[in-house]
Amino acid sequence: MDTIAAICTALSPSGIGIIRISGEEAIAIADKVFKSPNGKKLCDEESHTIHYGHIVDDEEIVDEVLVMLMKGPRSYTKEDVVEIDCHGGILVLKKVFNLLLENGARPSEPGEFTKRAFLNGRIDLTSAEAVMDLISSKSEMARKNSVSVLNGKMYEKIKSVREEILFFIAQIEAAIDDPEHMSLDGFEEELNGKLQEIQAEIEKLIKSYDSGKILKEGINTAIVGKPNAGKSSILNMILNEDRAIVTEIEGTTRDTLEESFDIGGITLNLVDTAGIRESDDLVEKIGIERAKSAIEKADLVLYVADSSTETNIIDDQIIALIDGKKSICLLNKSDLPREMTKQELNAHFEGSTTRPVFLYTSAKTGEGKEELFETIKSMFFNGEISFNDELIVSSLRQKNELVAASEALKKVSESIANSMPEDFLSIDLMSAYASLGEIIGEEVSDDLVDKIFSEFCMGK
Amino acid sequence: MENNKNNLIIETDVCVIGAGHAGCEAALATARLGFDTVIFTVSVESIALMPCNPNVGGTSKGHLVREIDALGGEMGKNIDKTFIQSKMLNLSKGPAVHSLRAQADKANYSHAMRETLENQENLTIKQGEVCEILFDEDGDNKIIKGVRIFTGTTYLCKAVIICSGTYLNARCLCGEAITYTGPNGLQAATHLSESLNAMGVTLRRFKTGTPARMDKRSLDFSKMEEQKGDEKIIPFSFSTNPEDIQKDQVSCYLTYTNEETHKIIRANLDRSPIYAGIIEGTGPRYCPSIEDKVVKFADKERHQVFIEPEGLYTNEMYVGGMSSSLPEDVQLAMYRTVPGLENCKIVRNAYAIEYDCITPGLLTLSLEIKGVSGLFSAGQFNGSSGYEEAAAQGLIAGINAARKLQGKEPLILDRSEAYIGVLIDDLVTKENLEPYRMMTSRAEYRLLLRQDNADFRLRKFGYEVGLVTKEQLDYVLYKDEKIKAEVERLKTTFVGSATKNQEYLESLGSAPLRTGTSLAELLCRPEITYENLSFFDKEREELSDDIIEQVCIRIKYEGYIERQERQVAAFKKMEKKHIPENINYDDVSSLRLEARQKLKLFKPLSVGQASRISGVTPADVSVLLIYLASIGK
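Chains W and S, in that order, are what the protein sequence lines are. The numbering of the first sequence is our numbering, which starts it at 661 and goes up by one. The numbering of the second sequence is our numbering, which starts it at 805 and goes up by one.
Hints are computed from structural coordinates only; laboratory data are not their basis. Treat the hints with caution; some may be incorrect.
[What the hints assert, rightly or not] Within a straight-line C-alpha distance of at most 30 Å, the following computed BS3-like cross-link-like pairs (lysine-lysine) qualify: (1) Lys1070(W) <-> Lys1295(S); (2) Lys1100(S) <-> Lys819(W); (3) Lys1070(W) <-> Lys1376(S); (4) Lys1377(S) <-> Lys1070(W); (5) Lys1104(S) <-> Lys854(W); (6) Lys1380(S) <-> Lys819(W); (7) Lys817(W) <-> Lys1377(S); (8) Lys946(S) <-> Lys1407(S); (9) Lys1100(S) <-> Lys854(W).
Isolated chain W, as found in the complex (with noise of 0.2 Å):
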């Protein structure tokens, strides 16, 4: 295959940047430009050795770097491997890409060096997706978990359902062509039994799904709340914890500036909405509207009511905007006498479909903060996760199969339950085997490697 490369850094003003070469002539290109101080090639180094020198565009330094060297098959493409750690910023890490450019690499398209990894056998599939998501990973957890994948223990998992069903399938149909050897007494019991237990790892899978998402992208929180609420305040109080804040994006897809922290290792990323920080004086219907877009987007809705006054229009507005989506109910400014309690806003709720939880809090003294922190927490993990030894479905593409397995089995139980001949249960095992097949690539089907790689995004 060709070599390619890329910028595996983000174009940040930070001190070190890393370029990424792969390929049959990657030490040879990087040769035509490496220059170091005794005179030796990088094609006559050892494998897994480091390198200082410069890199030169004919006789001119450009930067001065490291460069590691790792020969195929012992690389993460199995192919021939230099890395370029570059210390001069964005300006110099591009002139050093484009000159490899120059001299016979290639820029890499999103998601090709794991690609690579995965066709040359580097990888299964499930650690493929699992590279995806390490790299567009925000919190610690989402990065475990990515991690976990990434070491096979997603595939493991997979694989020993797998065997568990193509057992059953086996015997159905040994029992069909061998009926003297093969006796299926006692196996629709024995086969509902280990359906259900089966069953029971896929949902959980599946349920995980939500989980992994929120993991990876963080949980999209809107605060609401009239005007003079304490919207501003609250978001101070998170604002201000030391706990650290992750990132600061530009939102892209996203049409307020939104940002996100880190709280016990999930990532919250709190919408800004219209109005919160701003004047007050903005015409209130404007507010209501840019609020509206914010919760509809929201996976959570933090509802500011202000406890030193009584509710008025527009509480019950926001109220029957806020029906149906996760939310919690702050009655902020609990310093200050109290004219409104849990129940006499809870009755507000009264025409709602869902209840928010209830907390009492106060920006000022801080008081609520972590009981906020944990409710969120439990809203999400229902307190059940353990990062450790659970694995968390993070890829819509496996949901998708994980859902299409699990109902192929209910399929099972159906054909069980209406005492069909065995020979019917073997066609949706079958479907659930090749569900779960495709999850680790075990069965192929013509789009999917596209259809994964293309979801990748520039650089690993």
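Following the hints, complete the assembly by docking chain S onto the known chain W.
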């Protein structure tokens, strides 16, 4: 042969080598499609010989016979003329595994087929061993020119179909007694292998075997279970009128081996040619000898033994389930431990037979051999086992030889269209290490590949090829319309909850009705038959049994059929991803070495076929898909 002065030359279109079940179908097909055909046999008396079991059909093999018939082959018609017992197997299971099996009068079967061959226009029977295949060379390719027989006579032709069965370098083993003959002591073919090897068609050794035949008068049937035929006989052929073949049937008998039998076998394993290492060929796993069964299923206390008549006018009885290559003294002792066989007299000993067959990777899906234009092959030569498997391949090889001469595309059935498709794909794509026997479990889409709908699946192909008449095709179309109309009518005719209706259902042990239940919904209840529906549906049109059967299957199993059709759609997508003939696998850089070698050897036509080659992993298939996408751009 060097001194042979015979230089007689005869011209024809097609030469078929061998007149067993494959050869007969192949020769009939090419002759019926208008090509002058000569069929060679070492003995005219052995045409369509059944040297092993005296029956046609059985699990999954019955499907093959139905498919052969739907395509315009002969086997189904021939067994309908000559059966002496008929039974639909597996009726307690789903319709996918129902399978027809008929006991044949062996002599009649053979005679009837010979009569058909003798009276077939364009077809000549010739007794004589083919010793050499003649060809021209055109660069790397060889082109068939003809065959030469033992007498020195040359037959010039454009296509040759090898259907040599177990005759190539055959060797029969009965314990220490070894003879270099074909089955039943018939002359083996000892020259052709050399000629094939010389032209690059490499061969390997396979082994199969047959049990003893016993004198009926020496058996005690009172100690066995009688196995009768079906009361209502269903014909194999779609062209046979069921009413014409209802007749008195003979019985088979079931008995069992026991611990004593197994003891004798175990004590003498060192005298079995297989276990003593004398047999080099690999035997069929699914049609094992009694020695194999005793070794493999060591914990089984007994094995079934079927005693089946070899015909109406002979006392010979076939001892099904106990094929063996043990010496005669051990055979007799072992058979005599079986209840009912205590005083048995053996007419013909059980024996194993070893023969040459083609090595994997040389066949194509049209059954033409790679690198030799016009050379086709079928049957045991291709590594299969069984009469029906042979006949199916013979028919396809015959059709495709004819189509080649017509300048037409070959007929290739895929795995979702026919058991024949599964059979040939497996023979061509897999490295079978033992004689390949058709089995239900080999067909992935068997709910769609039923024996009852072979005409719906294949008549159209038979018609296109020219072996099926317009009337036969039209009948299928007529049937299909009738079935669709009746299914629709049953779905849209509703039954009321009147008391008499409820009482009737109760009498059938069925739950009471709610209003607005359709006849189709009622039919879905396992305890309700189409016959029962007439109670609610007095005015309905009388339909023939074959139509009613299809109506019931389409309604009762609708959901399953739809799901299987979805699986087929996914399968077809991969089958339609064609691999260009001129692909250079060395250009596909990420393929593993083993996969690259296998792909070069087997030259699959599609990605689907590639994925079934052993040694080609899913990751290799992904690599191939990406490569094909990249060159397609």
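A quick look at each hint next to the structure:
| no. | hint | verdict |
| --- | --- | --- |
| 1 | Lys1070(W) <-> Lys1295(S) | holds, 26 Å |
| 2 | Lys1100(S) <-> Lys819(W) | holds, 29 Å |
| 3 | Lys1070(W) <-> Lys1376(S) | holds, 26 Å |
| 4 | Lys1377(S) <-> Lys1070(W) | holds, 26 Å |
| 5 | Lys1104(S) <-> Lys854(W) | holds, 27 Å |
| 6 | Lys1380(S) <-> Lys819(W) | holds, 29 Å |
| 7 | Lys817(W) <-> Lys1377(S) | holds, 29 Å |
| 8 | Lys946(S) <-> Lys1407(S) | holds, 18 Å |
| 9 | Lys1100(S) <-> Lys854(W) | holds, 28 Å |
Violated hints are absent here; each numbered hint is respected by the structure.
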